[in-house]
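**Student:** Sequence:
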Amino acid sequence: PARPADGPAMAVEAAKPPPGAPIPWADPDLKAALEALSALPGAEGALAELGCEYLAASFLAASALEAEQALEPLLRTVEWRRTGGAAAARKRLLAEQIQFRDFPHTDVIVAHMPMYESMEAVDRRGLPFALRCTGLADVVGLFEKLTESDMLEWQTFVNEWRLLRVEARARETGHLGDITLLQDMTCPEGLLVKWRRNHSKMGIMRSITTTIDLHYPGLLGPVILTNAPWAVHAILQILRPVLPARISQKVEVVPVFQTAGRLCELIDPLRLPKFLGGDGADEDFVPNRAALVEAASGDKGTELHIPAGKSEERGIWLSQGGIAAYGFSVLGTASQDIVFSCRFEAEAAAGVPGPAAVEVRAPTRVREATGGGFVAPGRGRLVMVFDNSYSWVKPKCVRYECSQLPPEAADAAGGGSAVEPGGT
1 PARPADGPAM
11 AVEAAKPPPG
21 APIPWADPDL
31 KAALEALSAL
41 PGAEGALAEL
51 GCEYLAASFL
61 AASALEAEQA
71 LEPLLRTVEW
81 RRTGGAAAAR
91 KRLLAEQIQF
101 RDFPHTDVIV
111 AHMPMYESME
121 AVDRRGLPFA
131 LRCTGLADVV
141 GLFEKLTESD
151 MLEWQTFVNE
161 WRLLRVEARA
171 RETGHLGDIT
181 LLQDMTCPEG
191 LLVKWRRNHS
201 KMGIMRSITT
211 TIDLHYPGLL
221 GPVILTNAPW
231 AVHAILQILR
241 PVLPARISQK
251 VEVVPVFQTA
261 GRLCELIDPL
271 RLPKFLGGDG
281 ADEDFVPNRA
291 ALVEAASGDK
301 GTELHIPAGK
311 SEERGIWLSQ
321 GGIAAYGFSV
331 LGTASQDIVF
341 SCRFEAEAAA
351 GVPGPAAVEV
361 RAPTRVREAT
371 GGGFVAPGRG
381 RLVMVFDNSY
391 SWVKPKCVRY
401 ECSQLPPEAA
411 DAAGGGSAVE
421 PGGT
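Residues 1 to 424 (our numbering) make up the sequence shown, in order.
Please note that the accuracy of each hint is not assured.
[Stated by the list, open to error] Capping the alpha-carbon separation at 25 Å, the derived lysine-lysine pairs in DSS-like fashion look like this:
#1 K145 with K201
#2 K201 with K250
#3 K310 with K394
Bear in mind the hints are in silico, worked out from the structure with no lab data behind them.
Please work from the sequences and hints to get the whole structure.
**Tutor:** So this is what it looks like as structure tokens:
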């Protein structure tokens, strides 16, 4: 079916206020803060050069509407926009009305990082969303073709385009907006394998993300990790309490079995591909995704058969501080279930009885896919228990995963970079 923005949307676009028209701010405090900002010494010329009332309002919002506090980072951004190409990108976007596919280096980037972003990508709030197939990204291959400067140039065009879109929406609503970023974690070869392969270039990506975050405050809104495997859940479950609020409040992890329902709450199904629970053909959104999924290979989990009336255990050894991710699903019909529990058995010293096992997860009868994460307090074994002893007739089959995060992933997670929202 045609997506909602097809056809009649062009007439609606024509009726919208033109770029550069004043924004009728609904918040009187924001209006007052903008007036206070423009009255500060040195601000008038900077705001004229900035040429974007919306961006000035974004800096104020990020500074609790304190004009003096907002002025210094705003002045730095005016200088960066002049020398870094953002002002020129905005001028070109306004003059030529080029689209996402026309941005510099887009063809190379999309080949190595499957994605979807278009004028039709609008959520139920009327604000833009973007999709990145993060689990299929080949960051190493990307930077064999492009430099960091190339990537920053492309990212600047993307964010200037997004800025114009939320700006246009603000002229209709009087409110600041943001972009919802969907990062699909589908990764047939395994997320930890992918992490190891791309890890050497993640510093470059973080550098670009930091630059964009600095000069486009508030533009990136919710970051939703879709079809997320248990390794992602484990990292966030452990780190969320210690992460900066600007990260922890943005990131939402959605497992495979909840992805379709959650995204359809936020976005009309006609605007989503089937692999995210929508009605649209996958190839209409991310044309190269199917080929990449088919080409990838890896461990999709281990099947375990539990006879009727029996219980099976599987475990993994961990060193002190080791982070484990575990998860499983019950195969078969929706009525199939299993009693699942998890414990940690600390290693005993030679000749000394070991301490009692620590309950990680109490026995629970489970139908839907589930899982979690665990940080080992010392060397020991994390044990998953699949108990089918209550069923004297039906055998059960589960597909489970249990793995330890590699040291480099655990180190990055400890610094928060494992869940730093991607700038793309």
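**Student:** Does each hint fit the structure? Answer for all of them.
**Tutor:** These are the hints, each one checked on the structure:
1. K145 with K201: Satisfied, since the Cα-Cα distance of roughly 13 Å is no more than 25 Å.
2. K201 with K250: Cα-Cα ~24 Å, so holds.
3. K310 with K394: holds (10 Å)
Checked against the numbered hints given earlier, this structure breaks none of them.
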